[in-house]
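Protein chains in written order, with my numbering: chain A, 1 to 901; chain B, 902 to 1802.
Any given hint might turn out to be false.
Quick list of simulated restraints, FRET-style, between CB atoms [as the list claims (entries may be wrong)]:
{"#": "1", "chain 1": "B", "residue 1": "1560", "chain 2": "A", "residue 2": "486", "range": "41 to 51 Å"}
{"#": "2", "chain 1": "B", "residue 1": "1644", "chain 2": "A", "residue 2": "196", "range": "49 to 59 Å"}
{"#": "3", "chain 1": "A", "residue 1": "659", "chain 2": "B", "residue 2": "1302", "range": "18 to 28 Å"}
{"#": "4", "chain 1": "A", "residue 1": "646", "chain 2": "B", "residue 2": "1285", "range": "49 to 59 Å"}
{"#": "5", "chain 1": "A", "residue 1": "656", "chain 2": "B", "residue 2": "1183", "range": "23 to 33 Å"}
{"#": "6", "chain 1": "A", "residue 1": "801", "chain 2": "B", "residue 2": "1436", "range": "50 to 60 Å"}
{"#": "7", "chain 1": "A", "residue 1": "835", "chain 2": "B", "residue 2": "1285", "range": "29 to 39 Å"}
Keep in mind that the hints were calculated from the coordinates and are not lab data.
A virtual CB, placed ideally from N, CA and C, is assigned to each residue, including glycine.
Number of protein chains: 2
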Amino acid sequence: MTKWVYSFGKDKNDGDSSMRNLLGGKGCNLAEMAGLGLPVPPGFTITTEVCTQYYDNDQSYPDELKGQVEEALAAVENQMNAKFGDSSNPLLVSVRSGARVSMPGMMDTVLNLGLNDETVKGLEEQSGDARFAWDSYRRFIQMYGDVVLGVDHHEFEEVIDRYKRETGLRQDTDITAEGWKEIVAEYKAVVERETGNPFPNDPQEQLWGAISAVFKSWMVPRAITYRKIHEIPESWGTAVNVQSMVFGNMGEDCSTGVAFTRDPSTGENYFYGEYLINAQGEDVVAGIRTPQSLTKQGREKEGSDLPSMEESMPEVFKQLDEVRLKLEKHYKDVQDLEFTVQKGNLFMLQTRSGKRTAKAALKIAVDMVEEGLITQEEALLRIDPQSLDQLLHPTLDPKANKDVVTKGLPASPGAASGKVVFSSEEAEIQTNQGEKVILCRQETSPEDISGMHAAQGILTSRGGMTSHAAVVARGMGTCCVAGAGELHIDVVGKTITAGDRTIKEGDILTLDGSTGEVMVGAVDTIQPELSGDFGTLMEWADGRRRMKVRTNAETPLDAKAAREFGAEGIGLCRTEHMFFDQARIQNVREMIFATNEADRRAALEKLLPEQRADFAELFEIMSGLPVTVRLLDPPLHEFLPHSQEDIDNFAQVAGIPHEKVRLRLSELHETNPMLGHRGCRLGITFPEIYEMQARAIFEGALEAKAKTGQSTAPEVMIPLIGTQAELDILRKAVENVAASVFEEKGETLEYSVGTMIELPRACLTADEIAQSADFFSFGTNDLTQTTLGMSRDDAANFLPAYVGHGIYERDPFASLDVDGVGRLVELAAHGGRQTNAGIKLGICGEHGGDPASIQFCESINLDYVSCSPYRVPIARLAAAQASIKGEGLGKPKAAEAKKAA
Amino acid sequence: MTKWVYSFGKDKNDGDSSMRNLLGGKGCNLAEMAGLGLPVPPGFTITTEVCTQYYDNDQSYPDELKGQVEEALAAVENQMNAKFGDSSNPLLVSVRSGARVSMPGMMDTVLNLGLNDETVKGLEEQSGDARFAWDSYRRFIQMYGDVVLGVDHHEFEEVIDRYKRETGLRQDTDITAEGWKEIVAEYKAVVERETGNPFPNDPQEQLWGAISAVFKSWMVPRAITYRKIHEIPESWGTAVNVQSMVFGNMGEDCSTGVAFTRDPSTGENYFYGEYLINAQGEDVVAGIRTPQSLTKQGREKEGSDLPSMEESMPEVFKQLDEVRLKLEKHYKDVQDLEFTVQKGNLFMLQTRSGKRTAKAALKIAVDMVEEGLITQEEALLRIDPQSLDQLLHPTLDPKANKDVVTKGLPASPGAASGKVVFSSEEAEIQTNQGEKVILCRQETSPEDISGMHAAQGILTSRGGMTSHAAVVARGMGTCCVAGAGELHIDVVGKTITAGDRTIKEGDILTLDGSTGEVMVGAVDTIQPELSGDFGTLMEWADGRRRMKVRTNAETPLDAKAAREFGAEGIGLCRTEHMFFDQARIQNVREMIFATNEADRRAALEKLLPEQRADFAELFEIMSGLPVTVRLLDPPLHEFLPHSQEDIDNFAQVAGIPHEKVRLRLSELHETNPMLGHRGCRLGITFPEIYEMQARAIFEGALEAKAKTGQSTAPEVMIPLIGTQAELDILRKAVENVAASVFEEKGETLEYSVGTMIELPRACLTADEIAQSADFFSFGTNDLTQTTLGMSRDDAANFLPAYVGHGIYERDPFASLDVDGVGRLVELAAHGGRQTNAGIKLGICGEHGGDPASIQFCESINLDYVSCSPYRVPIARLAAAQASIKGEGLGKPKAAEAKKAA
């Protein structure tokens, strides 16, 4: 018989943390904590397999489930010495979701379940607090009505508002037990009116209603969206945790809180967290009251007057601090804890791996190696390479003028400027139109996930460091200022008021997520200074990786930045980028308009000194390192004037009649420029273009050599090769130019000639092409376009639907399509090495900076990856991880790399 | 020691017809004829290997060559009892080229070589005819001066013109021996003036000059062009034939002629040919004098008064007729002969396989099987499938009004209309611009090859059935009317005068190459009636082929034509073609402009009855045969209005504001539509479109079944599949529609669902996709575009250069790129069969009608090919040939198929 239900708690504990897939994150860790002897209120977990069964069988449960739940509930009753539905000593439970990975706020929770008109009296008796009992009851009806029965929570709020109006009471806290009793009656009337059925009085019915609500919530749109963004398979399902209630709202000796074993923003090793006295757990996370710091240190850091838990409840704090140390040592990682103190007794409600900023992750990993908790390799594997992005992006220039209107909580680090929008939808729309936006909300909720993902920054006027906005933004690496209470954010009127200033929709705001500052207007940014931890980790990574990491760069600025980030050469210098310069484009255009070779050569002659100077500078910056220069690649018409004004200007300066300009423009028009007259096809039809470029490369390299005294071996890369014959013709042309230059200058240097592999045909005939190539560089951008028959420029109309349907797990332009494109790359690597054992193999598409793609590159033994400058550190770490995983598992086969990544 | 020189003739005969590659076509057949005891003037062949050596070694000869030539020449002197350069009894020779395959008129010929001021006297003595001797001498100087020394032939013609003006003589025949002697002196002066050197007097110098001229002519542009058009590798080289002269111009008992052993136009088994009395061979081919028929039958057919050879030289004719029968029996094929009669003695100068029209080829092949000369399989292999095209294209409607201006010789069958052009260059330019042109020339020359290839038809005012124009046009399958002597074709003034009518450049002419009629204006055409021979051969082909042949068709007209041509079903019905109909496009556009599913469904509802009727009719026509229907494939914007007028119209009828129309148009614009939102991506994003189409298919099929009583199994084809997931989603949708329709109608039918394989990714993951597909149809058009990264619409700018450089041997859109695209197709076929052994595999790209590509399909064991209706017979024959070759050679591997084809 399948075991569908696992108990946890002191007396009966069936699970442990190894059973995450089955019990979900929350469930397995509750069992693990119970196993460690920590105070966990007893309960049980209904497995994720039930969820899968539920959806596979038309939303019905396995037959044995009911019996197993009864049995587990009985065990809880036993331990708690209370009885579910008992009118004198009722057991109350919470029902919570718990998927394999934490999905904060995404799944619905019901507290105080088991209360009804009978059991409320038992609670009153047991607690000796009628007001608490009836408040708990009304909370239960409100939560259950909202989450399980689908009654709009405004309906309930209205009842309280009306009650307060009628009685003249101001605060919820002013309402007495009698008041709550009246409200409970009205709540039940609301439920009956809205649903057509009375509120369920039977605790069993309540329980199964809540369990079903959890399973149903797995498929609500916001959950689907979250899974999409975080690439969580639908098939994983969620578990349901039923746990006996403990109360943090039974009086002043009660509290509830959320904590991290280290500071999740900075990584600092001190106990970081918040608590609220006399409150239920959801009050902290929802950000309705601003919570107090756990520690004195924390309180002082935040400049708060409210006493810390360390100060107000020193005994319980000490106990909690011990739990903290025990759990971190046990899990060897930072933990994110939830706890409740009921009448001076500590209860642990959750532990999980703590989400942290990249900066914190680095510090924690390095510190833990130094503390002897983990190995260097574990530290390397623990950092998500993508997260380094957060460290590498600009921060605000401290010298810039800042028009600070207020300061909120520094909820997620980084800096961002953008137009103010007030809804998730608007954030998405404007971002899709290419705008940068700041999403401004009183507080965020799971419905806002898509908009938060789209926005550059998030600003809220309510909620703390562990509010929804803060947690989600840190997870996304998006800058966030939370709880900026001085701001009045009016999402209906679409204004923000700060004292006497008004900010309207569309105005520019700048956020500094590291200080909490909110500024009007755009503020200059500067490069981040990288911490010593970063350097340490990168050093470890460099020691562990096999593949080299180069950069894609053509400007001196990018090349310098990349070298500072640790690039070991240039993998792709796109020479055409040098042509777009305003000062040169006229010459380029004249070259294109030339109708014969002589005129074309004359125009090229003017471009030569400029290209030579470009290359000389680049070779100088990359002195001693390899530089791959790709010859002209895009269709010529990309360089042409398009606007009326541009056309007029060009015609006038060039002295070419308008008519002729127009004719040539129409001649150069292409239906599918991506598949048109470009790449080496230009070299075949207009050999003089590549000759000029080759000359500029060799002359520039000699110039740089003379200056630095160090030789840089240029790697001349011919783009868009489909056949060996093309490469033979163009290689010969390059070699002829090299010979001429060397003879003219009386000096030589090493160089190589290779090709970009970016067409399926090139992959299929790589064995032939490799006979004429010193290197292959996989241009996986174009290879993805051709292999998938998908234009990157046009895919926006259908690619989101494709990822939504799971047709592609990830955007294949962001992460290499291993099954399709990857197979071709593997074929080509194999074919190339078959006929040219010494061939150098690298990748220079955008995928060169994507960790999953880098792991694939390792699996097929490429020599290097090349990526944009800011991704170089990411690639260094990802390459190290790939090396470690590769050795650990034996080389994974290409097809498996994707899954492993 | 390498043997560079092979003798032929009665006494010393080194070669035979098996040595074609070494001796060239002409050389090997001269040796073969000599071996058969036929009267061949002795001579020798310098091998094609010398040509290769010559170009490999900076245009120099192997050391041993000179000695071997001397030796062979001595053998000729011996047999002829004359001596090269001897003043009393000089041996004269011709020097001719001879490549492996016949290249008519492409290579230069020199006659009467060995004449100089001394030997001319010997010729005078030997012939007893001073006028003949000096005429021969001046002909030699003229020909040698032109061909070897590069003196413009106008220079020589001017000398004769001036001489005639000064002496008052009218005709060349009026010029006496003395006159020719004066002209010889002037010719020599011309040569010295033009070249700076005296005309070579030394026969040895003359001989080597001519040999070199032959080798050099291998690389002149016109030869290169011819090879390109006829796909002849440059590496083959040419041989040189040196042969003792015989003279057809020594008097009235002399003649020269060209003959075919059967009629090369109709295939009729009678002796077909022309001769000229008292003429040299070149006079016949050059078309300067209109020649006489060989036979009485031929003379009567042409309605000529000039006596046939059968009548005027009955003895020699009889001898020639015996040669004819002997050669045909020996070669088992129609021969193209050249002969000369010198003073009543017959000499054979050439035999080769006769070029013939497709109609003739068919008749000859079928007749020869019936005569027991060849087997059915030999007959099948002997017909070039491409040539059937000639039989299948329309001829003039006999009931159409024809404005006939003149009648010339029916030189190459077929009918064509087009704009009049007067130069090869203009023919090419206009054709490239999409015009259809008729190339009009007094006579054609090898320089005109490119233009003849481009033109729809060729018209000449001079020359006979074996003139350059006629021979080349027949080879190309281009319609040609030759020798329309009533026309004055003025290529400088760009007019044609016919009596009092004037036709200008750009006017429309129609030619009937089967009757020789020339008509002003365009004339209606009709389908050809196919001969019984065609039916016989097709029957043999059907008996020998393994692959089925289907057609690509969507209109009833095409479908009917294809079925008549023997199509065994439809391999590709492009449903979108049904949408372009003027009456429907408005509904299609409204469907596209719909901004929500409901509006889109409403517009689709209007299209449903039309699509259903389309399919019902198609299924009826193809009753009992499979029909593959491809669901909507092209990007939606292809259907949209583009011109201002169209946009206005659409907006008005649809009642959509202009602004909105414009916005939607810009939204639908794509950078690379070929790689954009099309194919199954439309089905994924707008499922209702495919649902409507599927419904139309199933309802239409049931309708047709009810009508014909015979079921047609629809094959629903999903285009542009790249992943199995896409196919799963769309297959399910189609199956749902089928189930609904069957339930509604209370009736079912067999159907299958498959996919077009047209993306590299689909090929690479075919093993997965095949698990969800009943069939694959290779869409090699798009697969070529994506695999090669080459847009068919844009390739014109570079593809000619690519074929010119030999980067691709043939246009990869016309003939499958076996090494690249073919490899993917092979991978996919293999992958598909691995997981779905019963999967049906076919091809439906343009390549499905290309014989070389069909052989590739056979080599990888596809089940069928599908091509345009007019190519169905071509495919049937090509499939049979592929079967025969496949069995003969064992299955050739894919990579070898190209070479074998």
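Problem - Cβ separation of residue 1644(B) and residue 196(A), checked against the hinted range 49 to 59 Å - result: Roughly 35 Å apart at Cβ, these two residues miss the hinted range, so it is violated.
Handout entry: C-beta pair residue 835(A), residue 1285(B): status relative to the range 29 to 39 Å that was hinted
Key = Since residue 835(A) and residue 1285(B) have Cβ atoms about 37 Å apart, the given range 29 to 39 Å holds.
Exercise for the section: Starting from the hint 18 to 28 Å, judge whether the C-beta atoms of residue 659(A) and residue 1302(B) obey it. Expected result: violated, 42 Å
Handout entry: residue 1560(B) versus residue 486(A) beta-carbon gap, inside 41 to 51 Å or not
Key = Given about 44 Å between the Cβ atoms, the range holds.
Handout entry: Consistency of beta-carbon spacing, residue 1183(B) to residue 656(A), with hint 23 to 33 Å
Key = violated, 51 Å
Exercise for the section: Given the range 50 to 60 Å, decide if the beta-carbon distance of residue 801(A) to residue 1436(B) lies inside it. Expected result: Holds, since residue 801(A) and residue 1436(B) (Cβ atoms, about 53 Å apart) stay within the stated range.
Handout entry: Hint check for residue 1285(B) and residue 646(A) - Cβ pair distance inside 49 to 59 Å
Key = Distance hint for residue 646(A), residue 1285(B) holds at roughly 53 Å.
The structure fails hints 2, 3 and 5 (numbered hints given earlier, in ascending order).
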